[in-house]
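Undergrad: Quick note, the sequence shown lines up with residues 1 to 183 if you use the UniProt record's numbering.
Simulated from the structure, these hints should not be mistaken for lab results. One should not assume that every hint holds.
Once the Cα atoms are required to be at most 25 Å apart in a straight line, the calculated SDA-like pairs of lysine to any residue come out as [claimed, not checked]: (1) K82 <-> R156; (2) K39 <-> D25; (3) K39 <-> C26; (4) K82 <-> W148; (5) K166 <-> D177; (6) K82 <-> L101; (7) K166 <-> R156; (8) K82 <-> W103; (9) K166 <-> I140; (10) K166 <-> R122; (11) K166 <-> L94; (12) K82 <-> L130; (13) K82 <-> P72; (14) K39 <-> D22; (15) K39 <-> L75; (16) K39 <-> T61; (17) K166 <-> Q179; (18) K82 <-> G138; (19) K39 <-> L50; (20) K39 <-> K82; (21) K82 <-> I67; (22) K39 <-> V23; (23) K82 <-> F63; (24) K82 <-> L102.
Predicted model only: the values in this text are computed from it and were never measured.
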Amino acid sequence: MGPQHPSMHGVLRLIVTLDSEDVVDCELILGYLHRGMEKIAENRTIIQYLPYVTRWDYLATMFTEAITINGPEQLGNIQVPKRASYIRVIMLELSRIASHLLWLGPFMANIGAQTPFFYIFRERELIYDLFEAATGVGIIGRDEALNWGLAGPMLRDSRIEWDLRKVDHYESYDEFDWQVQWQ
1 MGPQHPSMHG VLRLIVTLDS EDVVDCELIL GYLHRGMEKI AENRTIIQYL
51 PYVTRWDYLA TMFTEAITIN GPEQLGNIQV PKRASYIRVI MLELSRIASH
101 LLWLGPFMAN IGAQTPFFYI FRERELIYDL FEAATGVGII GRDEALNWGL
151 AGPMLRDSRI EWDLRKVDHY ESYDEFDWQV QWQ
């Protein structure tokens, strides 16, 4: 049985030995989606590594990010504020519900129930609307942005009119008439 195409869910290969219709032996072969993430992580900070872990399970990215962040937090004895922990739990549970709906919708379609399939996906989209509403909210203040050493668009988003291209005069940027876009 298998291997299945890498775009399929739960990719694995089973080498099955049959006696008539009975399975008498089964050898499990994993690793079709192995990407060498452990090796990639060796040369990355946690923040640099997060975009990679979201690809472990593209349907439940919050879980892969959570387990990646939880490890260093526990090792470093970092106390996450209660509010942040509650927000994480809410987002993780919404992610879990969305994942379950993604199973339920196609299952309903497979047994011939097309209408519930569409209702289920409508509900799943509502969860994703909540995820989008929680993304990129808030403004980092001027002092905090400077203390964190932010640069580029993140620094300008904090209402600081600064751009390395304008300050350092590298290449031929100083030959062009342009203003730093920060508002």
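Undergrad: Confirm or reject each hint.
TA: Status of the hints after comparison with the structure:
1. Note on K82 and R156: the hinted pairing is violated, with a Cα-Cα distance of about 30 Å set against a maximum of 25 Å.
2. Between the alpha carbons of K39 and D25 the distance comes to roughly 34 Å, so the proposed pair goes past 25 Å and is violated.
3. Of the supplied pair hints, the one linking K39 and C26 is violated, its CA atoms being roughly 31 Å apart against a limit of 25 Å.
4. Restraint check: the Cα-Cα separation between K82 and W148 comes to about 23 Å, which is no more than 25 Å; the hinted pair holds.
5. Our distance criterion of 25 Å between C-alpha atoms is met by K166 and D177, whose separation comes to about 10 Å.
6. Only pairs whose Cα atoms come within 25 Å are accepted, and K82 paired with L101 is rejected, the gap being roughly 29 Å.
7. Pair hint K166 plus R156 holds up; C-alpha atoms about 13 Å apart against a cutoff of 25 Å.
8. Note on K82 and W103: the hinted pairing is violated, with a Cα-Cα distance of about 32 Å set against a maximum of 25 Å.
9. A distance of roughly 22 Å separates the Cα atoms of K166 and I140; the hinted pair therefore holds under the 25 Å criterion.
10. Distance restraint check for K166 and R122: the Cα-Cα separation of roughly 47 Å exceeds the 25 Å cut-off, and the hinted pair is therefore not satisfied.
11. Restraint check for K166 and L94: the C-alpha separation of about 44 Å exceeds 25 Å, so the hint is violated.
12. Distance hint between K82 and L130 is fulfilled; the C-alpha atoms sit about 21 Å from each other, no more than 25 Å.
13. Restraint check for K82 and P72: the C-alpha separation of about 18 Å stays at or below 25 Å, so the hint holds.
14. A distance of roughly 41 Å separates the Cα atoms of K39 and D22; the hinted pair therefore is violated under the 25 Å criterion.
15. With a C-alpha separation of about 20 Å, the suggested pair K39 and L75 falls inside the 25 Å cut-off, and the hint holds.
16. Between K39 and T61, the direct Cα distance comes to roughly 20 Å. Compliance with the 25 Å bound is thereby established for this hinted pair.
17. For the proposed pair K166 and Q179, the alpha carbon gap of about 8 Å is at most 25 Å, so the pair holds.
18. A C-alpha spacing of about 19 Å is found between K82 and G138, which places the hinted pair at or below 25 Å, so the restraint holds.
19. Distance check on the hinted pair: K39 and L50 sit about 14 Å apart at the alpha-carbon level, within 25 Å; holds.
20. Proposed proximity of K39 and K82 is contradicted: the alpha carbons are some 33 Å apart, above 25 Å.
21. This hinted pair checks out: K82 and I67 have alpha carbons roughly 18 Å apart, not beyond 25 Å.
22. Taking the CA atoms of K39 and V23, the gap is about 37 Å. The hint is violated against a cut of 25 Å.
23. For a cut-off of 25 Å, the pair hint linking K82 to F63 stands: about 18 Å separates their Cα positions.
24. Proposed proximity of K82 and L102 is contradicted: the alpha carbons are some 30 Å apart, above 25 Å.
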